[in-house]
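Participant: Taken in sequence, the protein lines are chains A and B. Counting along the first sequence from 1, when you hit position 141 you're at 141 in this note's numbering, and nothing is skipped either side. Counting along the second sequence from 1, when you hit position 23 you're at 23 in this note's numbering, and nothing is skipped either side.
Honestly, the hints are just simulated from the structure, not real lab data. We put the beta carbon where it would ideally sit given N, CA and C, even for glycine. It cannot be assumed that every hint is accurate.
[As the list claims (entries may be wrong)] Part of the chain A face toward chain B, derived, beta carbon under 10 Å:
1) S17
2) A21
3) K54
4) A68
5) Y73
6) I94
7) R95
8) Y101
9) A102
10) Q103
11) R129
12) I130
13) I134
Next come the chains, spelled out residue by residue.
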Amino acid sequence: MEASAAATAGQRELHGSGIIAAVKASGIEYILALPDITTSSGLLAPIAKDAAFKLIRVCKEDECVGIASGLSYADKRSLILIQHTGFLDSINAIRGIAVEYAQPICMMVGLLQHDPETTPRQSPRYGVRIVEPILDDMGIAHHYLSADADVGKIKPGIDKAYAESKPVAFLIGRRPKAS
Amino acid sequence: MMKREECFRILARHVKDEAVVATYSSAVDWVDLGPRVMNYTSIGAMGLDSSHGLGLALGRPDKRVIVLQGDGSLLMNLGSLVTIAAVAPKNLIHLVVQNDTYEANGSQPIPNAKIDFASMARASGYAVCYDFSDLKIFEQQVGHVLEQEGPVFATLHVTPTKPLKYDYPSLYDPEKRKAFKAQWRS
Numbered sequence: 001m002e003a004s005a006a007a008t009a010g011q012r013e014l015h016g017s018g019i020i021a022a023v024k025a026s027g028i029e030y031i032l033a034l035p036d037i038t039t040s041s042g043l044l045a046p047i048a049k050d051a052a053f054k055l056i057r058v059c060k061e062d063e064c065v066g067i068a069s070g071l072s073y074a075d076k077r078s079l080i081l082i083q084h085t086g087f088l089d090s091i092n093a094i095r096g097i098a099v100e101y102a103q104p105i106c107m108m109v110g111l112l113q114h115d116p117e118t119t120p121r122q123s124p125r126y127g128v129r130i131v132e133p134i135l136d137d138m139g140i141a142h143h144y145l146s147a148d149a150d151v152g153k154i155k156p157g158i159d160k161a162y163a164e165s166k167p168v169a170f171l172i173g174r175r176p177k178a179s
Numbered sequence: 001m002m003k004r005e006e007c008f009r010i011l012a013r014h015v016k017d018e019a020v021v022a023t024y025s026s027a028v029d030w031v032d033l034g035p036r037v038m039n040y041t042s043i044g045a046m047g048l049d050s051s052h053g054l055g056l057a058l059g060r061p062d063k064r065v066i067v068l069q070g071d072g073s074l075l076m077n078l079g080s081l082v083t084i085a086a087v088a089p090k091n092l093i094h095l096v097v098q099n100d101t102y103e104a105n106g107s108q109p110i111p112n113a114k115i116d117f118a119s120m121a122r123a124s125g126y127a128v129c130y131d132f133s134d135l136k137i138f139e140q141q142v143g144h145v146l147e148q149e150g151p152v153f154a155t156l157h158v159t160p161t162k163p164l165k166y167d168y169p170s171l172y173d174p175e176k177r178k179a180f181k182a183q184w185r186s
């Protein structure tokens, strides 16, 4: 493969191993998750086999917000791994706990059926299109991850969330590869 | 049926340094018993009391956590019974205060007062489950309940004692959250 072609391919690939390494480097101990097809095989499946993490599977996404808040009082770091539909369903919990109580709630949100060649705001899917404007209106920092080059946003984002006791969201726009 | 205030007075005699997660009407009656740093009354969204309790229990497995959750609140987060039972924190005591109403929202009835929360918790996999509606029996057994290896579940069937004054700014005071965190980390 020529260099330019390889670079283009690199911009169109997102590897779960890179995301997981960044999450570990961020000091995340607990993963609070409800399966999402975007991240199921590339992130949740390897995380479930990784002894470095304590995985808690929940029945409904807003549970994660309460659990993460409780953990934060003992300085335990956690990452919520959910689908954007679960994010939308959890807005009141995120509003109350993450924003109004200023808690370090870290979310990694799979954008279901998003076209990674477009931005979330340009998505043909209404549910995806409204995610970033909602985060902006709530004043929640967010980062879009669709290529390996974006993985570098994870550790600074999580460290800042805990340093400032504020929420952060990472939007996963492409299915991470399981390798 | 027990009066909630009397029930809580008995409970308070057995509570030492545990974190007590309480919300809405239960929180008002609980904090009326006296100031206490280890009260955690900032939940942020109705129903999540049990999930906050799970997070606290996991964060400090060397300490014990008591959740005082209303029946309407648990109905909003029934899945947390399954999650808590699967995680099985030994230091979590989950008490559901059942008055069959959304008392803080005008005392409207819950959808079905026949619901048996203790049976649901047992079926979900809680280690031990109780159901109390007699104050004398609760008084006799509460010490034992709090010493059990968790997750422990108990339904407390209560009636309100008096009209409540909901002082939300005090319950949600950020300074109280800071004080709680300082002591919980120590």
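Participant: Which earlier hints can't be squared with this structure?
Facilitator: 1, 2, 11, 12 and 13
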